[in-house]
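Join these two chains into a complex; the hints should help.
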Amino acid sequence: MSRIQNAFSRLKAEGRQALIPYITAGDPTPAATVGLMHALVQGGADIIELGVPFTDPSADGPVIQRAAERALAHGTSLRKVIAMVAEFRQTNVETPVVLMGYANPVEAMGYEAFAAAAQAAGIDGLLTVDLPPEEASERVAVLKRFGIAPIFLLAPTTPASRAQAVAKLADGYVYYVSLKGVTGAANLDVANVAAKLTELRQHIQLPIGVGFGIRDAESARAVAAVADAVVIGSRIVQEVENGETGLAERLTNFLSGVRAAMDTARA
Amino acid sequence: MLEYVKQMAENMSYNFPDQSGHYGQFGGIYVAETLIPALDELRLEYEKAMQDPDFLAEFHHELKHYVGRPSPLYHARRWSELLGGAQIYLKREDLNHTGAHKVNNTIGQALLARRMGKKRVIAETGAGQHGVASATVAARYGLECVVYMGSEDVARQAPNVFRMKLLGATVVPVSSGSKTLKDAMNEAMRDWVTNVDSTYYIIGTCAGPHPYPQLVRDFQSVIGEECKVQCAEQLGRQPDAVVACVGGGSNAIGIFYPYIDVPGVRLIGVEAGGDGVETGRHAAPLTTHARPGVLHGQRVNLMQDENGQIIDTHSISAGLDYPGVGPEHCYLNEIKRAEYVAANDDEALAAFHDLCRYEGIIPALESSHALAHACKMAPTMSRDQIIVVNLSGRGDKDIPTIARLDGIEL
Ligand SMILES: Cc1ncc(COP(=O)(O)O)c(C=O)c1O
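Residue numbers (my numbering), protein chains in the order written: chain A, 990 to 1256; chain B, -9 to 400.
FYI, nobody ran anything at the bench for these hints, they're computed from the structure. Quick reminder that beta carbons are idealized off the backbone N, C-alpha and C, glycines included. Worth double-checking, as some hints may not be accurate.
Claimed, not checked - Estimated spans, in silico, between C-beta atoms of each pair:
no., chain 1, residue 1, chain 2, residue 2, range
1, B, E134, A, R999, 49 to 57 Å
2, B, D187, A, G1004, 34 to 42 Å
3, A, F1135, B, Q9, 28 to 36 Å
4, A, N1176, B, G132, 22 to 30 Å
5, B, V162, A, A1214, 33 to 41 Å
6, A, A1075, B, S3, 50 to 58 Å
In isolation and in its complexed conformation, chain B is listed as follows (with noise of 0.2 Å):
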């Protein structure tokens, strides 16, 4: 299994993080001195699990078994004539157990805490499928599991906060700061640093500190693994460009990595525009250049005033609402491997209708800023050509949301 991501590694002329755990500038380990000896245990302990034919066979029985997973390509047939260009085929992410890529990762990370002996796993989330894929897997595997969660999310994504007290959870709403997606990782780490010993802290993106991105990417690059067999089998070629949304980055990661050593494959992700960038209130840190600075245990490219403080992001998908984007993505940005993008919420919004409309699938919010760049890059390609959009996550908890924008309470 994670096999491909040991001999893509060897097979590589790209190969990061380095050994401190760096991507260029950005990435790193810029955390409180008592949290250093767990990062330290952690990544060890990964890379014996990464030697381990057991835990590798454990891992993709999961991924197969329980997650459902390969998850289909899907050519949107009817979505591309519409938009009149090129051919729109989706990584179908939303079909995985529990409804989005975020299973991927926290199967892998609650294996490692099993392996570590760690009885009580913590997680933050923003839109709730970090933290519904972090309560199903601790449920799965027998650990109790408490997630932060913004206040302000906890009131936009009731079905998700519901959906986890199910599963056995504890959802603590945090009120601090701008109470979305970064207080509840503040409020993380520090639940992290009182119970190190006992609790492991399951990151939800390729963000924070080494080895979070490294290990959160290697989970997710399935993704882009099955992705190219996929399109051999079925396409006989690879993409002209793969599409995908990134908050923290890690599905667009997931799909990417694989494919950062192939030519021709344009690699697109998607920040949240918000109100439009141009407005200043928008999730967009690499679409308008935004200086690198230090958050989260991660140097990265962060919304920041120029005082170093931390701005208040807007978005109407909670889980793209964070102020910084992943180590790797600022990197592959700046070494403009890939490229970024923005999409605006009545743009994500119009692209969340048209799925649900003419290929009958609810889409995620966050997913349909991704839907939302593809419906702006279609008509300006060639009906020969091919667009990959990583279909993230399905729009089930998102229902609410779009109910009351249309003035409907359900």
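Next up, chain A with everything else stripped away, as it sits in the complex (with noise of 0.2 Å):
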């Protein structure tokens, strides 16, 4: 089994939900990245998506964006990530990590040698905004040639049609798009994000996590309410954005506290 199913099936036997935080790798310095990784494992994470910062994140609102820029600015490339996950899992060997970015950094690397450097630096996961199942399936076997899982996303704008399309190609879970719109908007409504996803659980075997708009404890205790696994993003980078002060501490304590939250959820 698969560092990640592993994960989701150990939670499924306790009856809790996935939290996935989300952090642009090289912000604020390439230097503090693992650190923060092992943060937020203390706070509670059991998946850590970790972006790869790219010069036009066309899908991302401001802060993201500003995390990315802050992050090339040092330098921050897709071979630098994966060598701060090699870094990671040196003390880490459970906690998955998956890949969030765009599609040009690994064309450019190529497929075959992303995978195969994946691999072995222990990524279990990549997510392409930009890659939809049309122009994914190439890439995809690749990917699962090296046992890195293909992580697709799913929109409140995505039909019946294309969810069966996505499940023949996903692998790992699936990532439900709370809402049309960037990263950071912030209007949320948990009943559509509950109805989309008995729809889509017709076609979709994989856990689905919901992300985009989950700011704090209550959101994220609604959303793992209805979820598998919640993704929190801007929120978390927003308080990288604040300083590097007490950073670590901070992110475990938010983290914490959003836990907290979510193991109620179903109670």
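Laid out in structure tokens, this is it:
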């Protein structure tokens, strides 16, 4: 079983949902990233989504755009992000790490080279925002050959027919984007999300995580009541932007609060 | 009207894009999931519109009565004589309403938006010509219009910014990234993903996810179709070469496309050489053999570093300041049906001044790149040979830039 499958089956046995925080690798500095990943685990992260910065993050709001600019200013590249995960793995062999970003850095490295390096570093999945199923099949085959789970997005606009197409390609979990918008938007409607997940579950057997618009313990608990995983991005990156002093501890504390709220979700 | 596009597609051996929106290895639909259904809807609606005589008649009517088409094919006799070689003819897209070829496309897309019941349109713009053309048709059809423009371009294209405001559009300066066209496009995509139900995104060039490169080409093909007829009538034959500037490539594909299956006509796209392609400060992905990559929903030749990050571009003309180029140009380059070269800032400026002085025409700085290449080619050719240059726009918007270069504040 893969690390991602392990995580979800353990949680399922415990009746809990996965907490998946996102940070951009290299933000605020490349040297800080591995420490922040450990801090997230300490706060209760079940899976880490590690952002690969890109010059043109057209699906991200201002907070994650700025994180990418900071990371790029420090020379963060896909190869360096892979090396960060390898370093993280020296002391954590359990927590799945999914890289999240845009297609071009992976295209530039080449899927074969990327997948081999990612596997060697202990990376578990890849989510490329701008690689829909239409363009994905050959690339996904390469990823799977190296044991890297291709994580796909589903959206409020996704019809059932597409959910089936995604189900054929996806592995690990799928990521439901809770709203029409960019990361960091704040108009989450949990009733809508619940209805859509019921529909999607008719076609998708994998666990479904929900992200976009989850900002605090309250919204995390509401989403955890209907989803298999809760993804928190901009709110955490905002914390990074607020300054380096005590950052690891602030992240741990923030996540612990979220974790506690989630664990009461279906009590 | 677009009858001809259909007929051509039927008669041509060249038939792209394929079913999935690819031009060989280029093109495609690399966007976030949220936008895929919107692109599917657009593709279906576009296919229906192309079969609908009323849609085609209205498009044709607007081009004639609102834009003022056909645009003349004009013999630049004095300039040709000065250069002492081939005869240069100018396809006068600068005489269109709003002053550039961009309006051919915005009319087509605004009519599509109206068909689809969208009340709000958004656009990205570099030089501001596409923004003006979008604001214009929005006013004409009663649509709300928001235009995204890099903050650097807002500064260097002030007259067009004010023009858009006069036309009732909201201009949003974009100060992320390199603050130019590509960043404006990022921001437009963010708006679209947020307002996808109410909003139609009018992309200004033959780039972006399928079906945009195709529909922009089809709407712009009126340029080449007219040119073919005019050459037959005025010259009794087709030209030896057709030259057009290439930013995303819409004016170029508009004049090239009808010639793809015509043997003996060289098709030459001119990219922005900036300070010179050897300096790295340019916007010439095809000339410099940039590797294919993925940006803005498409796989195209892309200016990028070894880590796949997009490189900042440099050009005196805001409209050519783009690190990629439409997928069909990448394909035409790969199969060698079209050639791509670059003209530097100073070469474009020299051609700009030539056209002012010798022909009484103030060209856009973008179009001046095509003129600059014609200027290099003509003396190497004989007097009975013919070059058609697509004069994609007029230069009024560039006057402050030119004045500044001469040390004059207007
Ligand atoms: C006059 C003119 N020509 C050319 C261009 C470049 O666009 P394209 O390559 O799509 O024709 C622009 C873009 O703003 C323009 O304003």
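Checked hints:
1. Judged by the Cβ atoms, the range 49 to 57 Å given for E134 of chain B and R999 of chain A holds: they are separated by roughly 51 Å.
2. Our hint of 34 to 42 Å for D187 of chain B and G1004 of chain A holds, since their Cβ atoms are close to 37 Å apart.
3. For F1135 of chain A paired with Q9 of chain B, a C-beta distance near 30 Å keeps the hint of 28 to 36 Å intact.
4. For the pair N1176 of chain A and G132 of chain B, the beta carbons lie near 28 Å from each other, so the given range of 22 to 30 Å is met.
5. Checking the proposed 33 to 41 Å range against V162 of chain B and A1214 of chain A shows it holds: the Cβ atoms sit about 38 Å from each other.
6. A1075 of chain A and S3 of chain B have their C-beta atoms about 52 Å apart, which keeps the hinted 50 to 58 Å range intact.
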